[in-house]
Every structure is written in structure tokens, then in C-alpha cells.
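Asks: Given next are the chains, with one letter for each unit.
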Amino acid sequence: MPNYFNPYQYPQNFYQQQIPNTQQPAQQLMPPVPESNFVPAPSEDFARNYPVGYGKSVNFKAENAPYIYVKTMGFSQLDNPVFEKYRLVKEEPKTAQNGSEGSEAYKLSPDELKREIEAIKGQIEALQESVKALQEKSKVKSSKKEVTEDDE
Amino acid sequence: MMNSIFQIYQQLRQNPMQMLARRFNIPSNVNINDPNSIIQHLINTGQVTQQQVNQMMTMRNNPMIQQLMNRR
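Residue numbers (the working numbering), protein chains in the order written: chain A, 1 to 152; chain U, 1 to 72.
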């Protein structure tokens with residue numbers, strides 16, 4: 001029998017096209033769960049009794065307290081699990097005034113400051129004198145060289 | 001066929017935890033009534049990963065997930 005084109009026939013892949021559409025609503029039902037490195041812990045006992053695999057470590061963030069727990073398991077049953085507790089401390093931002101108070105210059109009294117400045121002045125003068133002496137020495141050497149070259 | 005299904009149903013109704021223990025090969029020394037010890041056994045035997053456990057524990061506290069579970 002010859003194979004004529006039938007306009008009323010369904011396309012061969014008609015049912016295959018319908019299958020993916022039925023699965024879409026099920027995927028939309030599940031809300032996206034944010035991936036986090038910290039497991040929320042309602043209490044410290046929850047973190048202590050939390051199941052952790054051998055050689056693994058899990059971080060916890062306490063829900064009602066400023067603490068972070070870390071539970072680490074050894075590589076075998078013989079190793080005891082290590083439980084660490086860290087307290088979170090709020091750090092205040094440093095203002096400009098706080099910065100000047102923290103410097104050593106602000107802590108010194110005016111008399112002490114004067115003494116320090118005088119000492120620094122003396123050191124600078126001594127340095128200037130030594131530089132002058134070096135310059136004079138180099139001048140003398142260069143003049144001696146010129147004299148010997150002229151003699152030759 | 002119907003008898004075997006009925007038997008399985010009866011067992012599941014009488015002792016669901018024992019059925020689950022048999023399904024996941026949980027030995028008798030593991031306390032079936034303690035979820036943490038079951039999860040610990042599943043991790044140790046490699047039936048679940050640490051990441052899967054962490055995700056499950058995080059999802060359990062998610063209010064949206066809790067709402068979905070209560071709806072069913």
C-alpha cells in the first residue's frame with residue numbers, strides 16, 4: 001500500500017513534546033534554598049550532637065546568640081570530635097578624633113614635646129656638619145688629582 | 001500478590017522505623033529512635049553526603065519549606 005500524506009495524523013513526536021511541560025509546575029513549587037556555609041543552630045547542644053562525617057568539618061551560626069560553632073570529626077572512630085566556640089564581637093568604626101587620640105604624639109605633654117623637638121634639632125645639626133665635612137674632603141681629593149695630572 | 005502487599009502494609013503500620021531500618025541497612029546497635037544517630041550511620045556508610053545533611057538541616061529551619069510540609 002502506498003504511503004500517502006495524511007493531514008489528520010498526529011506528528012510522531014507529539015507525545016514526547018508534551019512530557020516536559022507536565023514537569024515544569026512541580027519544579028516551580030520548590031522554593032530556591034540559599035546555599036550557605038553556615039548551618040543555623042538553635043542551641044549549642046544542637047551543634048554538639050550534629051552528625052558530622054569522618055574527616056569533615058561543619059560551621060554553625062547560633063540563631064539567638066552571637067556565637068559561631070565549629071565541629072570537626074577525626075578520620076576514624078578512635079578520634080574524638082573537636083568542638084570550638086567563637087564569640088562574635090561588634091567592631092566600632094574608627095573616627096578621625098579617635099585616630100589622633102591613639103597616636104603617641106598626642107599622649108606627650110607640651111614640655112616633653114619641646115624636649116623631643118630639641119633633641120631632633122641637635123641630631124639634624126650634627127648630620128649637617130658631617131655632610132659638610134664629607135663635601136670638603138671630596139673637594140680636597142679632587143684638587144689633589146688635578147695637580148698630579150698637570151705635573152704629568 | 002495482594003497478600004504480600006497487605007503484609008508489607010501491616011508491617012509498615014505496626015513498626016515503620018523497623019521497615020526503614022531494613023530499607024537502609026541500619027544495624028541493630030544504632031538507636032532507631034534517635035534521628036541523629038541514623039543520619040550519622042548514613043554518613044559513615046556513604047549513603048548520604050555531609051552536604052546533603054547540611055542542606056536538609058538548613059531546609060528544616062526554612063519557614064517556606066515548613067509551610068509547604070504543613071500543606072501536605
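Simulated from the structure, these hints should not be mistaken for laboratory data.
In this text, a Cβ means the ideal position worked out from N, Cα and C, and glycines have one as well.
Check each hint, because a few of them may be wrong.
Facing chain U, according to a computed beta carbon distance under 10 Å, are these residues of chain A, among others [what the hints assert, rightly or not]:
1. Asn37
2. Pro42
3. Ser43
4. Phe46
5. Tyr50
6. Pro51
7. Gly53
8. Tyr54
9. Asn64
10. Leu78
11. Asp79
12. Asn80
13. Lys85
14. Tyr86
15. Val89
Asks: Take the hints in turn and mark each one as holding or not.
Replies: Comparing the hints with the structure gives:
no. : hint  : in the structure
1   : Asn37 : holds, 9 Å
2   : Pro42 : holds, 8 Å
3   : Ser43 : violated, 12 Å
4   : Phe46 : holds, 9 Å
5   : Tyr50 : holds, 7 Å
6   : Pro51 : holds, 4 Å
7   : Gly53 : holds, 4 Å
8   : Tyr54 : holds, 7 Å
9   : Asn64 : violated, 12 Å
10  : Leu78 : violated, 14 Å
11  : Asp79 : violated, 13 Å
12  : Asn80 : violated, 15 Å
13  : Lys85 : violated, 19 Å
14  : Tyr86 : violated, 19 Å
15  : Val89 : violated, 25 Å
Of the numbered hints listed earlier, those contradicted by the structure are 3, 9, 10, 11, 12, 13, 14 and 15.
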